[in-house]
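Colleague: Chain by chain, the residues run as shown.
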Amino acid sequence: MSNDEAAAIELKVACDKCALPSLAEDQMLYALAAISATGYVPPTRMPLNLCLVLDHSSSMHGEKLKQVKESAKYIAHQMRTGDRLTLVVFSDRAKTLIVQLGGTAAQTTSQLIDAVETRGGTEIYAGLTHGLEAARKQQTDAFGNHVVLLTDGHTYGDEQNCLEAARAAREAGIYLTVLGVGTEWNDEFLTDLATAGGGALEYIDSPRKIVEVFQAHLRNMQTIYAREANLHVRPAEGVRLKDACRVSPYIANLTREDTGRVSFRGGGPPRLGHWETDLPPGGGRSSPHQKMAAQAPTPMEHSFRLGYLGQEADQAFLLELIVSPQATPICRLAHVRLDYLPPDDGVEKSLEAEIILPTVTTSQVEIDPKVRDVVERLTAFRLQEKAWASAQAGDIPQATQLLKAASTRLLSLGESELSQAVFAEAQQMERTGQTSSIAMKRIRYGTRGLIPFLPRLFSRRNK
Amino acid sequence: MITCRRCHAVHLEGTLFCDQCGSPLVSTADEAPGDAAPPTGKIKSEFFTSKEAGSEAMVAQEPTSAEAIQAGAAGTLQLTVSSTGRIFRLPVKGQVLIGRRDSLAGVFPDLDLTPDGAVAMGVSRSHARITIDETGSYVEDLNSLNHTHLNGERLVPHQPRALRAGDELQLGRLTIRVESALGP
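Protein sequence lines correspond, in order, to chains A and B.
Reminder that position 245 of the first sequence reads as 245 in my numbering, one-by-one numbering, no gaps.
Reminder that position 109 of the second sequence reads as 1109 in my numbering, one-by-one numbering, no gaps.
It is worth saying that the hints were derived from the structure and are not from the lab.
Nothing here was measured: the structure is a model prediction, and the numbers come from that model.
No residue lacks a Cβ here, since even glycine has one placed at the ideal position from N, Cα and C.
Honestly, I wouldn't trust all of these hints.
Unchecked claim - With a Cα cut of at most 25 Å, we get these calculated DMTMM-like pairs of lysine to aspartate or glutamate:
hint, chain 1, residue 1, chain 2, residue 2
1, A, K386, B, E1153
2, A, K441, B, E1134
3, A, K137, A, E352
As the list claims (entries may be wrong) - Stretch-level coverage of chain A by chain B, calculated; a stretch enters the list once three of its residues show a Cβ under 8 Å from a Cβ in chain B:
hint, region
4, 23-29
5, 172-179
6, 430-443
To be verified - Cβ pair distances, simulated, as ranges:
hint, chain 1, residue 1, chain 2, residue 2, range
7, A, I356, B, F1108, 46 to 52 Å
8, B, R1101, A, P397, 40 to 46 Å
9, A, E348, B, R1101, 57 to 63 Å
10, B, R1154, A, H154, 34 to 40 Å
11, A, S436, B, Q1159, 27 to 33 Å
12, A, Y74, B, R1154, 38 to 44 Å
13, B, Q1159, A, E312, 46 to 52 Å
14, B, R1101, A, D395, 41 to 47 Å
15, A, G433, B, P1160, 27 to 33 Å
Generate the whole structure from the sequences, applying the supplied hints.
Modeller: Below, the structure is given as structure tokens:
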């Protein structure tokens, strides 16, 4: 609904309905907010201050280390004039292998990388702090500052320190991306680590994909069009934001900017970017929504920290809005705003979009197939997430039912291979009462990356 | 409020999928008994409206051979194609062949899913059969290429399984909801 033509950066919002049925009760409205910069040409390229922190513990032996070395060499040769690259390797100790300034890979770079061998255990904190410190040494405001951590294992006892280090670096303008290789890494910890570090977590199931993943991340870092980006959602009176979730380039909870204006239920720390309604666990069979209406927070602005945005990965977010009965023929439902810093400028810019819908007396409002598709994919993701939580709580029958439900949705979406994998895991769980960590990672990271078509939304103008 | 036909969880109007069991939700206001096709004059989405969506809305209103079944004695179950909203009432007794029409091959299913995008969705010409008798309704996969799933479970070809209101059938990638024709 709003865009900045000059900069070719766009913020668009599409709702599942183009009109709001007049109802005497609350109703759900889905809004897909998408940011794209496919046509954006940066006035100047922002140089990169990149630190790779690579696990070379004993478990990386063989193909994994070989592919990591190839990736490191590839990145060293892709650095451009003005870029800074630091290469840190770690096991139970960490050391800086290479500091490459000016963008040119030295002749000795490949030799140094080739000489890395596997040894010792995995202490992520040792590698992470070494890498973050190395990035900090090279850091200036003129650079895009990134640390990419690759590991295949668990770390023991230093998780909290890792999270604090990542958070502090993020506050200082250094983003952390985490790549988990194989099946042994600690899923929950690395998810939290990437979230704390303001970057992505990527699952690499096969060593053969390591180079490809590094290439994709490098391309995205080299095409940054916005940094310090924040998405703000301000529902109008009578409208509440039930949930907000990133759906592209992958499904993830959003990091909530702590403005102190969003109230959360419960005494514990809220899940990032997610606040709960007061629906009871059983799905709300006894008038849950009256309770929700009574306890829901009053209208306010919700802010989500997005970090940096690169041209290689279009961003989209699904907003779930609860709309109370509306009295006016035209309803202003919510205001969406993106604030960001351009890569070459310290002056904040904004893009805005307004969600405005007419009310209609008919209930036969056609559902936008693309928004419905996104909601269905998010549903599949959430079902399998619930399944793992149920399995962890020891409720195997519930977990298998949820996995079968996720499998049905995936099949409906045309994801037959993943659907079969999910169903097979449900059957396996039913037989053995156990979950497989390999299957869990494959399913979790398969379903969260299920929104492949979003860039096409921008090639189709409203008519 | 919408009650999920499958797990009976309650959701707000406008909710698209049940967060408890994943089933697509349909507002009760959309299900006037006897609806054979989505009503005309629907309001189309303003944003990102795809060509496919428009064409689906058009084909959804085309009559099919299976709709003739409705003219006969109507049974207690009806089938709704999720993607297009087409509704087919099953007869009280008899068999319904489900698939896609191919006149060259001489296949004329009772329920022809061609207007619902059967080819793209991987529906076979003779995909599945529903048999209704005094003991109940049964669905049977006819050794289809892309299989038939009942509530997420792949059917073994030629082994009929009981069909009830609230079930979800998957023919290839095409989803069909089984609902009570007598209302919720």
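Colleague: Starting from the hint list further up, note which numbers the structure goes against and sort them upward.
Modeller: 2, 3, 5 and 6
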